[in-house]
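K.L.:
One-letter residues, chain by chain:
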Amino acid sequence: MDKSDIKKQIEALAGKNTAGMYQSDFLLTWDKSDDEIAATLITAEILRAMREGNLSCRGFDSGLAVSIFRDHSTRTRFSFAGAADLLGLAVKDLDEEKSQIAHGETVRETANMISFLAEVVGIRDDIFLGEGHTYMKAVAEAVEMGYREGVLPRRPTLVNLQCDIDHPTQSMSDALHLIHTFGGLDKLKGKKVAMSWAYSPSYGKPLSVPQGIIGLLTRFGMEVVLAHPEGYHLMPEVEEIAVRNSGLSGGSYRRVAEMAEAFEGADIVYPKSWAPFSVMADRTRLLKQNDRAGLKELENRCLARNREFVDWECTEASMRSTRDGKALYLHCLPADISGVSCERGEVAATVFERYRRPLYLQAGYKPYIIAAMMFLSKFEDPAEKLDDMISRNEKRVL
Amino acid sequence: MDKSDIKKQIEALAGKNTAGMYQSDFLLTWDKSDDEIAATLITAEILRAMREGNLSCRGFDSGLAVSIFRDHSTRTRFSFAGAADLLGLAVKDLDEEKSQIAHGETVRETANMISFLAEVVGIRDDIFLGEGHTYMKAVAEAVEMGYREGVLPRRPTLVNLQCDIDHPTQSMSDALHLIHTFGGLDKLKGKKVAMSWAYSPSYGKPLSVPQGIIGLLTRFGMEVVLAHPEGYHLMPEVEEIAVRNSGLSGGSYRRVAEMAEAFEGADIVYPKSWAPFSVMADRTRLLKQNDRAGLKELENRCLARNREFVDWECTEASMRSTRDGKALYLHCLPADISGVSCERGEVAATVFERYRRPLYLQAGYKPYIIAAMMFLSKFEDPAEKLDDMISRNEKRVL
Amino acid sequence: MDKSDIKKQIEALAGKNTAGMYQSDFLLTWDKSDDEIAATLITAEILRAMREGNLSCRGFDSGLAVSIFRDHSTRTRFSFAGAADLLGLAVKDLDEEKSQIAHGETVRETANMISFLAEVVGIRDDIFLGEGHTYMKAVAEAVEMGYREGVLPRRPTLVNLQCDIDHPTQSMSDALHLIHTFGGLDKLKGKKVAMSWAYSPSYGKPLSVPQGIIGLLTRFGMEVVLAHPEGYHLMPEVEEIAVRNSGLSGGSYRRVAEMAEAFEGADIVYPKSWAPFSVMADRTRLLKQNDRAGLKELENRCLARNREFVDWECTEASMRSTRDGKALYLHCLPADISGVSCERGEVAATVFERYRRPLYLQAGYKPYIIAAMMFLSKFEDPAEKLDDMISRNEKRVL
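Same order as they appear, the protein sequences are chains B, E and W.
Numbering of the first sequence is given in this note's numbering, commencing with residue 68 and proceeding in unit increments.
Numbering of the second sequence is given in this note's numbering, commencing with residue 68 and proceeding in unit increments.
Numbering of the third sequence is given in this note's numbering, commencing with residue 68 and proceeding in unit increments.
Just so you know, not all the hints are guaranteed correct.
Partner residues aside, some chain B positions facing chain W, computed with beta carbon under 7 Å [said to hold, decoys possible]:
| id | residue |
| --- | --- |
| 1 | Ser123 |
| 2 | Thr141 |
| 3 | Arg142 |
| 4 | Phe145 |
| 5 | Ala148 |
| 6 | Gly149 |
| 7 | Asp152 |
| 8 | Val305 |
| 9 | Glu420 |
| 10 | Pro425 |
| 11 | Tyr427 |
| 12 | Leu428 |
| 13 | Pro434 |
| 14 | Arg459 |
| 15 | Arg463 |
| 16 | Val464 |
By construction, these hints were calculated from the structure, which means they are not laboratory data.
Note that the Cβ used here is the ideal one computed from N, Cα and C, for glycine as well.
Okay, chain B solo, but in the shape it has when bound (with noise of 0.2 Å):
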């Protein structure tokens, strides 16, 4: 993309209506309106192709981004902190271990103490089912409060990092993944796309993966088929957004019992475990009483139950069922690939490796859908705030 791509792409964006995005968090795709899920998506694309023309893309002189990981994380977590020194941040992790958190402080005054100079929050809390978008909501409350109060200068604005119920930095960078592929947003509509349960040897992996596509891709007119053995059910609520947005979108979304099914003719396929909803709820009541012999019997019960649908894999067979044999493979990374990283997996190795470098690339949207979060939620005219960076035509490689 050269500048007057950009130039164009900087009009696109300042035709969408962003003004609820400023001073605003990221938590859930479905909370946000199609034009500011297509606002995030060019702005993206947007700060890509800055970079990529070694433009600078530095909004600030100055200012924290905190980062709060809840769980163990690689690729989120270095996304994350190239988007925030991409646009002039620091980055501070607050590592809960080392804090005074242990002194019974409450979420509200931990907001607000590492929020004095911080611009952006990145939360990932995403192990126990029904806490993770409740613990964002009461920090961005938390932060809201303070800055109404004058405690904080400024609303320091969070992005969801994966939640218990969504994972938006990931469904958002796989919608550009297949912006990029099929060749457009408008192109999306009517593509089959499955996003699948499938075999993996460990057990308690989140939902907000599924639950994620589903929440999103049903908004662009794409027919999305949900598969997953009896008792792998998502949270019925995302269930019924997806439904909802199908019929907005004038897409569709089904659910269907096997990977076969959901297969067929796809042109997009997303096999991937999860643990059962009503696992991820007993193991969350186990956690928290510390009941550690209880916890092993339920890994013990539900890896025996997962070993029931060991066929459900991504195979080279499955995959010709797909139109014309060369349905697009997604993936969230990393995979549990079978003969490679365990026996029997989600995919079978050679096509895994027949599509590494579209995942790759699939992952290498994420900074850049953090930082346009960042960005939109900073700035009050994005548009013309791209603008002016474009005509200080600062490097980034000096």
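Please build the complex by placing chains E and W on the supplied structure of chain B, with the hints as guidance.
P.N.:
Chains E and W in isolation, oriented as in the chain B frame:
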């Protein structure tokens, strides 16, 4: 504060003698002259006004701000990070577990090894009585020698982020909060402040906050009253400083045996738990011996003793006895709040809740106090430098 | 060094062929041409002179410098952080415990996932024989492929922060120290350097420092003598390189059986402990098998064997046999100092103390060596780029 107010503050700063702060450390407030204390408070105000007026406070293009936290910390950690970033420095934390210090490296050596590109070093070391300040002095001496010998190109200056004796970034933030609340440093003269021990179901809390408070506020002509149960004495050297200070400033310092007496007619109350000096000494000895049984026994004995003073709580009733029933309630946070973070604690929940906003404001001054300490140690003519920055007129949010 | 001296150095740099360094990694000094080695030393000098002359060395507006430390580190960690910050990059450490690497992610995948916005990757991996360098090669290959496939917008270049074979940031800093001490690279010709094993009451120290030293200093026409007890051999491949280098440079390389012989008339001595190659191999095997009993037994056996050579200590007596009794004493630090960090160690306390200042100076070159390695890998015409920077005349301390 608009630009002309900032200019006035810079003029006020220019009138203070800060020569002794250049290339020097901020370890104890009582090592600093009245001019230096005033200059630090003014500089913090200027930096805050600049940032809130969206002016860049960047004094460095690059350079490290090293932090060494030997105890848990949230607010000081984030304040240090924010302050460093505000001035253009990158924070690098010395995680002693991941370093080679275990190999038997000396303080002198480590201090130099981490300082080749460092501008400032912030240290929290408050656990062992008789150690924190001593350690900081050793680091300061080491980098001073390194600088004189030409090993270090610049003299990295130290900021005490809490030691066993003083907690200057806290007490100075508290002072700035008082200045804002009462309308100026000169308005503090004659105000009564009650620094009182309060009950907490924990033990081992450092003495540095109450010591920092009596060591600093006695300089402002205030009527400082310390209250604690028998056996919870502070370090006698610090009390001597408080006595001397109050003599010089026209204020007073006295110790009383009851919280109630201290609170009577007070303008400001600071009820906070700490461990008896003797317990801290025993604890230091036992920790060094790694005597777990002894430590457990000490903890039990200490907690039992604390329980004798469970009525040392800041309640609505005790607040009623303060000036007009409306004394300003201070705490360094996190507080032990009765019925919230513990069954019985330092303060009643309704009192804490009523003062939540001022408490958060109090905490919010810390990043600027730390930035001011850094600034005054790095720039020989700080007023001129700030004037330059104002003239440069660069924005923080671009 | 004033600006005109810096200009002269830039001219010298312009005369070196550094084309092969652009977009390339710095893993082993013997993979680099003489021009490349000289260019790295000159660039380090220029960057140091610029910084000390208060000129900005910023080459980047944003970008990540990723570090991966698989072993403890203080000085290299801080050197890397300082170097990255000097050039305008933000450090992001890959903490493998907090990442998803435990999930079975491959090196290829992780390498790409952390590199989307990365300019450089620094790796320390020196614990397992046969692994560190192999790992670095795997990372380099992965990002090279990612770059070629368009997954990565830039080629992140690697800096070896110590592997099982070489420790180039150390040996190059040592070389810069020698250049300063003796007055130029050309002045090193004919100087005798004694790289000698020394006793330490620990075991498992890597071979990379002595190997790095004999692999590098033999290039400068020096008389390099390696001394160690029977059984403490270095990797034969590296000794072959030393032999070849010395042939080409007009220097010499030989191995002797006694520290005393090596020290005799030496201009430079580098007494330092390391583990026997065979022990490192056994240790690697046992660590992989997680054989704790075997490891303990190996440690005991190795320590007992070490104790047979407790007289391999750099003492005042041994120093007296060096040239005029005044050889330059080198160590990568931290040293095992007799009577200080251990009962008997690598060096007598009085010797160490006398050389403390030069030792610290030696260590102080490392940030600039690392910055130079980064710089040469990122800028195609480094002399022109440095010239630009000088012309820009931006200050480091504003």
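K.L.:
Could you tell me which of the numbered hints above are not met by this structure, giving the numbers in increasing order?
P.N.:
8, 9, 10 and 14
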